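Chemist: Sequence:
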Amino acid sequence: ILESMVSQGVGAIILSPVHETRLGDLQVAITRKIPMVSCVRDLPDCPVSFVGVDDEKSGYFAMQAVLRAGHETATFVGGYEQTTTLEGRIAGVRRALAEAGLPVSACTLRPGPLSMEFGASQIQEIYTDGPTKPAVICFNDYIATGVFEASRDLGIKIGSDISVVSFDNTPISSALTPRLTTVDIFP
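Residue numbers for the sequence shown follow the working numbering, so the first one is 12 and each next one is one higher.
Heads up, a few of these hints could be off.
When the alpha-carbon atoms are kept at most 20 Å apart in a straight line, the in silico EDC-like pairs for lysine to aspartate or glutamate are as follows [said to hold, decoys possible]: (1) Lys68 to Asp195; (2) Lys68 to Glu98; (3) Lys68 to Glu92; (4) Lys44 to Glu14; (5) Lys68 to Glu110; (6) Lys168 to Glu128; (7) Lys168 to Glu136; (8) Lys44 to Asp56; (9) Lys68 to Glu83.
Simulated from the structure, these hints should not be mistaken for laboratory data. Remember, predicted model here, so these are calculated numbers, not experimental data.
Generate the whole structure from the sequences, applying the supplied hints.
Modeler: As structure tokens, this is what we get:
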């Protein structure tokens, strides 16, 4: 697509790249010095300006909410490995842990698909051996919805037995009961 755009004389490009976008994918535009802006996902190894969410700060806010709720441990559920979004959010979680004097191991990572089904499967696995980390940080509101549904099925009460924090603040988050604590990054 970029080759076609460049051949038509495009003056600038606004990208919303997939998580596997690399420098070589943009080479045709880079070679011709066409200005590019990436939205949603940062491309740190590419000469492209970025407009989007500060994922590190978002992760920090999420872990701060967990800590303010009185938890010293959490499980981070979802997100694709080796993406700037997950890496940024985890960096923020780790910064909040460090500031609280807690080790990185206080947050267990369970990366995976961005779906309700994955959220449900993870809460079932987490509770197989009993609740060891009663706070869950979900990569997005869809994963959190799966956590809510599976928790209800397992007899786990959100807000008293387990705390759930998420990212996005999509419309689905306001339909959950109790209300989902979510870092607002929804446009």
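Chemist: Now, for every hint given, state plainly whether the structure supports it.
Modeler: Evaluation of the provided hints:
1. Lys68 to Asp195: Holds, at about 12 Å.
2. Lys68 to Glu98: Holds - the C-alpha atoms of Glu98 and Lys68 are around 12 Å apart, at most 20 Å.
3. Lys68 to Glu92: 18 Å, holds
4. Lys44 to Glu14: 13 Å, holds
5. Lys68 to Glu110: 14 Å, holds
6. Lys168 to Glu128: Roughly 19 Å separates the two Cα atoms, so the pair holds.
7. Lys168 to Glu136: The given pair, whose Cα atoms are some 16 Å apart, holds under the 20 Å limit.
8. Lys44 to Asp56: 16 Å, holds
9. Lys68 to Glu83: The given pair, whose Cα atoms are some 19 Å apart, holds under the 20 Å limit.
When the structure is compared with the earlier hints, no violation turns up for any of them.
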